[in-house]
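**Student:** When the letters of the sequence shown are read in order and numbered with our numbering, they come out as residues 5 to 86.
Hints in this document: simulated from the structure, not taken from any laboratory. Don't take each hint at face value.
Okay, derived cross-link-like pairs now, DSS-like style, lysine-lysine, Cα gap no bigger than 25 Å in a straight line [to be verified]: (1) K48 / K37; (2) K38 / K6; (3) K85 / K48; (4) K85 / K26; (5) K85 / K13; (6) K38 / K13; (7) K37 / K6; (8) K13 / K26; (9) K37 / K26; (10) K48 / K38; (11) K85 / K6; (12) K48 / K13.
All values reported here derive from a predicted model rather than from experimental measurement.
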Amino acid sequence: MKNLEYLIKPGGLYIQLCASEKETYDKGPRRLKKADLCELFSSKNGWTIESIDDSVYEYIPDAPTGERAEAYLSLFRRDNKI
5 MKNLEYLIKP GGLYIQLCAS EKETYDKGPR RLKKADLCEL FSSKNGWTIE SIDDSVYEYI
65 PDAPTGERAE AYLSLFRRDN KI
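Using the sequences and the accompanying hints, generate a full structural model.
**Tutor:** As structure tokens, this is what we get:
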């Protein structure tokens with residue numbers, strides 16, 4: 005989180021696509037839970053959650069769902085407080 009605080013200026017928008025815990029394929033990146041995203045990017049940590057939407061990664065070789073994997077597309081805004 006310290007790196008994001010350095011990179012994203014107050015009022016700035018962070019757009020993230022991450023693997024979702026809904027993905028059942030046993031390979032690939034670490035999956036994140038929606039609840040964990042809500043905790044990490046909470047107002048107590050200096051962020052406003054604008055959206056966390058179900059999405060997919062397109063073209064994942066060997067994925068059982070046929071070249072796609074479950075993901076979250078999220079928008080987080082850094083609060084103006086420093």
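**Student:** None of the hints should be skipped; say for each whether it holds.
**Tutor:** For each hint, the structure was consulted:
Taken as a hint, the K48 and K37 pair is honoured in the structure, with Cα atoms around 19 Å apart against an allowance of 25 Å. At most 25 Å may separate the alpha-carbon atoms for a hinted pair to count; K38 and K6 meet this at roughly 20 Å. Restraint check for K85 and K48: the C-alpha separation of about 11 Å stays at or below 25 Å, so the hint holds. Only pairs whose Cα atoms come within 25 Å are accepted, and K85 paired with K26 is rejected, the gap being roughly 34 Å.
In summary, the hint linking K85 to K13 is supported, as the alpha carbons are separated by about 10 Å, within the 25 Å threshold. For a cut-off of 25 Å, the pair hint linking K38 to K13 stands: about 24 Å separates their Cα positions. Annotation: proposed proximity of K37 to K6 holds, straight-line Cα distance about 20 Å (limit 25 Å). Distance restraint check for K13 and K26: the Cα-Cα separation of roughly 31 Å exceeds the 25 Å cut-off, and the hinted pair is therefore not satisfied.
Distance restraint check for K37 and K26: the Cα-Cα separation of roughly 8 Å lies within the 25 Å cut-off, and the hinted pair is therefore satisfied. Using a Cα cut-off of 25 Å, the hinted pair K48 and K38 holds, with the two alpha carbons roughly 17 Å apart. About 15 Å separates the Cα atoms of K85 and K6, which keeps this hinted pair within 25 Å; it holds. Only pairs whose Cα atoms come within 25 Å are accepted, and K48 paired with K13 is accepted, the gap being roughly 17 Å.
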